[in-house]
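Turn these sequences into a full structure, and let the hints steer you where they fit.
Going line by line, the protein sequences match chains A and B. All the letters of the first sequence, read from the start, carry residue numbers 1 to 239 under the UniProt record's numbering. All the letters of the second sequence, read from the start, carry residue numbers 1 to 239 under the UniProt record's numbering.
Please note that the accuracy of each hint is not assured.
[To be verified] Pair by pair, the computed Cβ-Cβ distance ranges are: (1) A:D180 / B:D223: 24 to 30 Å; (2) B:A54 / A:Q103: 42 to 48 Å; (3) A:H105 / B:N153: 43 to 49 Å; (4) B:P152 / A:P198: 26 to 32 Å.
[To be verified] Quick look at which bits of chain A chain B covers, simulated, 3 or more residues with Cβ under 8 Å: (5) 44-57; (6) 186-198; (7) 219-228.
[What the hints assert, rightly or not] Taking beta-carbon pairs under 10 Å as the criterion, some of the chain B residues facing chain A (in silico): (8) I15; (9) N153; (10) N176; (11) G203.
Derived by calculation from the structure, the hints in this document are not laboratory data. This one's a predicted model, so the numbers in the text were calculated from it and none came from an experiment. In this text, a Cβ means the ideal position worked out from N, Cα and C, and glycines have one as well.
What follows is the residue order along each chain.
Protein chains: 2
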Amino acid sequence: MTNPTAAILVIGDEILSGRTRDSNLHYLAGELTRAGITLREARIVADVHAEIVAAVRELSGRYDHLFTSGGIGPTHDDITADAVAEAMGARIGHRADAMALLQAHYDRSGLPFNEARQRMARIPEGAGLIDNPVSIAPGFTIGNVHVMAGVPNIFQAMVASVLPRLTGGPPLLSQNLRVDRGEGEVAEAFGALAAEFPDLSMGSYPFIQNGAYGTNLVIRGTDPGRLDEAMVRLTRLFA
Amino acid sequence: MTNPTAAILVIGDEILSGRTRDSNLHYLAGELTRAGITLREARIVADVHAEIVAAVRELSGRYDHLFTSGGIGPTHDDITADAVAEAMGARIGHRADAMALLQAHYDRSGLPFNEARQRMARIPEGAGLIDNPVSIAPGFTIGNVHVMAGVPNIFQAMVASVLPRLTGGPPLLSQNLRVDRGEGEVAEAFGALAAEFPDLSMGSYPFIQNGAYGTNLVIRGTDPGRLDEAMVRLTRLFA
Chain A
1 MTNPTAAILV
11 IGDEILSGRT
21 RDSNLHYLAG
31 ELTRAGITLR
41 EARIVADVHA
51 EIVAAVRELS
61 GRYDHLFTSG
71 GIGPTHDDIT
81 ADAVAEAMGA
91 RIGHRADAMA
101 LLQAHYDRSG
111 LPFNEARQRM
121 ARIPEGAGLI
131 DNPVSIAPGF
141 TIGNVHVMAG
151 VPNIFQAMVA
161 SVLPRLTGGP
171 PLLSQNLRVD
181 RGEGEVAEAF
191 GALAAEFPDL
201 SMGSYPFIQN
211 GAYGTNLVIR
221 GTDPGRLDEA
231 MVRLTRLFA
Chain B
1 MTNPTAAILV
11 IGDEILSGRT
21 RDSNLHYLAG
31 ELTRAGITLR
41 EARIVADVHA
51 EIVAAVRELS
61 GRYDHLFTSG
71 GIGPTHDDIT
81 ADAVAEAMGA
91 RIGHRADAMA
101 LLQAHYDRSG
111 LPFNEARQRM
121 ARIPEGAGLI
131 DNPVSIAPGF
141 TIGNVHVMAG
151 VPNIFQAMVA
161 SVLPRLTGGP
171 PLLSQNLRVD
181 RGEGEVAEAF
191 GALAAEFPDL
201 SMGSYPFIQN
211 GAYGTNLVIR
221 GTDPGRLDEA
231 MVRLTRLFA
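In structure tokens form, the structure reads like this:
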């Protein structure tokens with residue numbers, strides 16, 4: 001049984017310039033792991049139409065799911081919906097269902113539903129809307145591409161609405177052993193153990209604390225029994 | 001005058017599983033902006049040889065510089081050096097200069113310079129070493145690819161040693177106006193202003209604070225005079 005695969009594409013000059021630190025990637029990584037979907041790749045590209053189109057085509061073709069973050073607001077630099085439509089070969093315009101959602105929202109709030117705000121109703125033909133309980137303007141799913149907002153609390157709400165619809169495999173479990181030794185001391189025995197458990201993934205993550213080296217040894221897999229078996233061996237080696 | 005371009009490739013299952021939140025990407029983004037090098041793309045891939053090779057080939061071919069983070073330690077999952085060597089068509093082995101550095105270090109510390117630790121001397125032929133003042137095991141530069149450690153304080157020390165050797169353009173400057181209005185209210189005038197200043201990049205970043213919408217309007221460019229000119233216009237529009 002192989003878990004479905006996924007990639008995330010973050011669209012945003014503000015991340016690449018160092019102005020903003022992305023948090024959506026890390027959030028989605030955790031949620032996908034719990035859902036049994038394997039995040040295989042992440043990319044961040046600038047607000048450039050051709051680059052978004054190319055990345056969407058490549059990543060949606062390579063993985064079971066592609067999640068995007070950012071670029072679906074009302075301003076001139078929000079170009080994700082049009083780029084995704086082009087990448088997926090779909091026409092795009094102001095869709096009646098999205099227009100109705102937004103019109104009702106702005107009627108309630110007393111704010112003008114101006115041309116800029118109407119841009120947020122630009123949704124590719126054939127796409128399903130993703131609910132936005134925070135600020136109404138929807139995301140959308142077209143084919144295997146899930147297009148979501150960049151503002152973290154809206155992104156998280158959209159993930160919560162999309163993920164239950166997707167079929168995941170068994171959740172990826174992990175166990176961690178922290179040892180007060182440098183990687184160089186544990187590497188040989190740890191590598192030998194990893195070779196004995198080819199169905200599990202084992203990684204070692206060094207750190208320095210109070211001037212001393214330490215290492216986190218992490219074992220990942222979907223079978224809890226195998227994970228326990230490897231963990232018993234690991235503990236005997238290093239604890 | 002066009003600034004040199006760059007990409008960063010982060011290698012690490014631990015980021016994609018959500019276990020660890022990457023900080024090197026954000027750090028490098030800020031440093032490159034100050035150095036006048038434009039970060040155009042970031043990628044995170046798993047500890048899989050073929051995927052690292054493919055990403056290094058593609059990104060080193062497309063941009064002036066590629067920086068990598070992670071996977072150069074002593075354990076079995078540290079496969080970056082070999083993957084980069086293959087991507088760049090270079091042979092790799094235990095290099096005498098790196099062996100000497102590490103031998104001296106372990107002699108001083110009284111720890112065994114075992115086979116695992118000797119892995120850290122695997123450096124492609126023709127590569128220049130990148131100094132590691134924290135834990136000695138060097139990074140390296142081959143062609144336009146700068147291979148650095150994933151542990152944040154070592155990564156940062158290596159960036160400090162690499163960046164002064166690279167020729168940057170004028171630093172990318174940015175100015176920010178925070179307005180207490182939603183994006184939908186400022187979008188039209190802001191878009192018109194952006195169209196008048198094609199040499200600058202203008203982005204809008206919405207936020208929600210205490211239940212109210214606000215927007216950060218950011219103008220970026222390398223010419224301080226033009227930036228000031230646009231900022232005066234922006235302030236007149238919205239302040």
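Results of checking the hints against the structure:
{"no.": "1", "hint": "A:D180 / B:D223: 24 to 30 Å", "in the structure": "53 Å, violated"}
{"no.": "2", "hint": "B:A54 / A:Q103: 42 to 48 Å", "in the structure": "46 Å, holds"}
{"no.": "3", "hint": "A:H105 / B:N153: 43 to 49 Å", "in the structure": "47 Å, holds"}
{"no.": "4", "hint": "B:P152 / A:P198: 26 to 32 Å", "in the structure": "31 Å, holds"}
{"no.": "5", "hint": "44-57", "in the structure": "holds (count 5)"}
{"no.": "6", "hint": "186-198", "in the structure": "holds (count 7)"}
{"no.": "7", "hint": "219-228", "in the structure": "violated (count 1)"}
{"no.": "8", "hint": "I15", "in the structure": "7 Å, holds"}
{"no.": "9", "hint": "N153", "in the structure": "7 Å, holds"}
{"no.": "10", "hint": "N176", "in the structure": "8 Å, holds"}
{"no.": "11", "hint": "G203", "in the structure": "5 Å, holds"}
Hints 1, 7 from the list above are not met by this structure, while the remaining hints are.
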